[in-house]
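There are 2 protein chains.
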Amino acid sequence: MPYFDAASSAPLHPVARQALVASLDEGWADPARLYREGRRARLLLDAAREAAADAVGCRADELVFTPSGTRAVHAGIAGALAGRRRAGRHLIVSAAEHSSVLHSAAAHEAGGGTVTEVPVDRGGAADPEAYAAALREDTALACLQSANHEVGTEQPVAEVAAACRAAGVPLLVDAAQSLPWGPVDGDWSLLTGSAHKWGGPAGVGLLVVRKGVRFAAQGPVDERESGRAAGFENIPAIVAAAASLRAVRAEAAREGARLRELTERIRARVPGCVPDVEVVGDPVRRLPHLVTFSCLYVDGETLLHELDRAGFSVSSGSSCTSSTLTPSHVLKAMGVLSEGNVRVSLPVGTEAAEVERFLDVLPGAVREVREKLGAPVAAEARAEGDSLVLDAVGKRCPIPVIELAKVIGHVPVGGTVTVLADDEAARLDIPAWCEMRGQEYVGERPADHGSAYVVRRSS
Amino acid sequence: MPYFDAASSAPLHPVARQALVASLDEGWADPARLYREGRRARLLLDAAREAAADAVGCRADELVFTPSGTRAVHAGIAGALAGRRRAGRHLIVSAAEHSSVLHSAAAHEAGGGTVTEVPVDRGGAADPEAYAAALREDTALACLQSANHEVGTEQPVAEVAAACRAAGVPLLVDAAQSLPWGPVDGDWSLLTGSAHKWGGPAGVGLLVVRKGVRFAAQGPVDERESGRAAGFENIPAIVAAAASLRAVRAEAAREGARLRELTERIRARVPGCVPDVEVVGDPVRRLPHLVTFSCLYVDGETLLHELDRAGFSVSSGSSCTSSTLTPSHVLKAMGVLSEGNVRVSLPVGTEAAEVERFLDVLPGAVREVREKLGAPVAAEARAEGDSLVLDAVGKRCPIPVIELAKVIGHVPVGGTVTVLADDEAARLDIPAWCEMRGQEYVGERPADHGSAYVVRRSS
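So the protein lines, in turn, are chains P and A.
Using this note's numbering, you'd call the opening residue of the first sequence number 1024 and step up by one each time.
Using this note's numbering, you'd call the opening residue of the second sequence number 1024 and step up by one each time.
Bound-form chain P, shown alone (with noise of 0.2 Å):
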């Protein structure tokens, strides 16, 4: 029953299960007191702290635990803004972070801050020279992920941090999906991470905060690490997690290698066994275990549930029918197909035989789920001289992609099909189809409900 969602959780490293077991005879007790039992906490997290450093190439003075990736990111964000109030309240972030960072600067606006969103291209990777441009006087504080956790992409840290260097502005880098693989590259100056991420158990992310740059810890005061992480220490979990970082990082050149192979044998190999299918993510700047494809007129959703029933368990950041209703922002940002997404990631370990199963089973269920949504399609076709309207009102993705394939060739070439959809993901995933089918895309505008989106055929 292969497991292909690494990105989201690694299944617990051996070593990982092996320290937690051993430790927590030894860990139990409070390290901030003096007696044995505290002692000996005390020595496990020191030597927690000082493998962490090593692997994540700073000092052990500038490293902290806490009790998540998350929490990491959001006393990260909040510190630094707060130790950089006097330089001004602006934040940079790219457009494709990861949502704690997202919901870190929406707070920050919330309260006042001003925030630049940088673009990301076509691949998701962000523009050093944008980010270069986007630095203003008044800058605190940015934000660059290492590496995407939706489609795999590697960012340019190591320019990004150069250019914040340059005007004084520090960088900090969530490098949650990047570190089983390595340290950061460049000259950054904050940084984060979240052990069940790399095969460590979960309660465990990590907060480096390089020496000399401007910190005021946010919320009550508390004594724990360094008074930039409250609470008493997870330290079974926390010696966990510095032990498979080291493991995971003493395989990570083979394994990295091997995993890129079967990743790259996705890549090559979906566009031509599954019909309709875009590959998103920069091909070669990229995590060695990750891909991400999206199908044309399929529900990611339902793919899931197909391929979860086939044995396979994958991630989509398509959630049209999810309780969200919005498409993934990564995929938004990016400008590519959102309907029919599935992200591939590889545990450490993941055999070729699975992959090539998964390539055995995926055109069928694709196929499967195309047939489903094939049954409903009833839309209203008014023509209007060489022109069509089309009411997909109230149907969700990929629904109104689906009808408008089915009614382009009823218009000549020449004329145009106008979509009138309330579904949020249309207005990704017309562009995207019109782009992947050669037809022009037009444009949008205001409806009665929803949008319209005209396309023109061209062929």
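Calculated from the structure, these hints are not laboratory results.
These numbers come from a predicted model, not from an experiment.
Zero decoy hints are in this set.
Under 7 Å between C-beta atoms, here's a sample of chain A residues computed to sit facing chain P:
(1) S1031
(2) S1032
(3) R1094
(4) H1126
(5) S1127
(6) A1225
(7) G1226
(8) F1255
(9) N1257
(10) A1260
(11) D1331
(12) S1336
Far from chain A, some chain P residues (derived; all Cβ distances over 12 Å):
(13) R1108
(14) P1142
(15) A1155
(16) A1190
(17) G1191
(18) R1269
(19) R1283
(20) A1291
(21) D1299
(22) E1377
(23) V1384
(24) R1419
(25) P1469
So the derived list for chain P, only partly shown, Cβ under 10 Å to chain A, looks like this:
(26) Y1026
(27) D1048
(28) W1051
(29) A1052
(30) Y1058
(31) R1059
(32) H1126
(33) A1128
(34) H1131
(35) V1244
(36) R1247
(37) I1258
(38) P1259
(39) G1334
(40) S1336
Even for Gly, the Cβ is constructed at its ideal location relative to N, Cα and C.
Use these hints to put chain A onto chain P, whose structure you have.
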């Protein structure tokens, strides 16, 4: 090697260990995902929530898991204050609360809120009438611990909750110390707890917000745990926390009675075997496993070292020689002796023989510390008629009190000794010494360095 500091952190309960190890293989995936690993994790999380809610006495949807008890307190107070922002910004706490509550109050005050600190009596208990009197039109929240963490005194939660309810003000109960022994009585609105205090693992706190209580979670938005506790859930630890709470509750009545008898032995026999001792905290309305006493002319930290060498791990509320240089705020609020303070908190399973051995070892350890401290007394005492001025500036607790005790016989009955001291603990310990010794404490006035404390010889 007996460990007598369960109130700091309890050794991992066997049930917690078993549940933690058992759920490592099932509980590592993201419970928000719909594939089988996610569904399994979700089932574990839901079952743990039901079990914990059952033990607390609340609905499962009123309880969220936080990364620690401290985080539960911080989030609970901040969320309740923000939820009641319209009512006003007045917060009530007792003077004997845990530092996480008092630090939250300080943060609230720094942010423009107002705080009333309700005093506690010499036994450590808050007065329900004082709480009722502190309630104002603009009171947003009141906080009261269920039992004190340093002296074990149970607080009148039900009475205070009733007074708050009558005024329409929510009461938050920090139940960290009492939760292993039973649910909290009374009509409280919010409750917090910490798993490592009951033998659960570190990394798990709980926050209960009763239905109908206005609550606005603070910090960046996060969808986990009903939006009240950001970050990936630590499911194996949560499962272990819930299982061990259930286990300790099953033994609570029997084990509580047994430990109560053991702490009663310490309460009754310490004053007989150690001279100049004050046992503090309520002798009846108290936690079963905790007893605290203070030894005149003793430095708490040195005594802890002696006891550690003899194999006993205990804690102290007097940190005269530690980094903070201030005596315990709890002992200060109670107005009792802080010097030579020792807190004994017995973990579940402590044997009578261990307590007997502690009672055998204690008198010698105290004597040794007193002998060591007796040596450096070299204060300059200047006679001025019937009065004496003792210059103890620059000397740390318990030296000023030791010097006072040595020279009181040098003035006639009715004469005074004025102690010049700049150690904060003197303000607490000189009046406490007067009360223990039947001498008259006249008062305190500012001096060139620190304060001048005037004592009149009565006998």
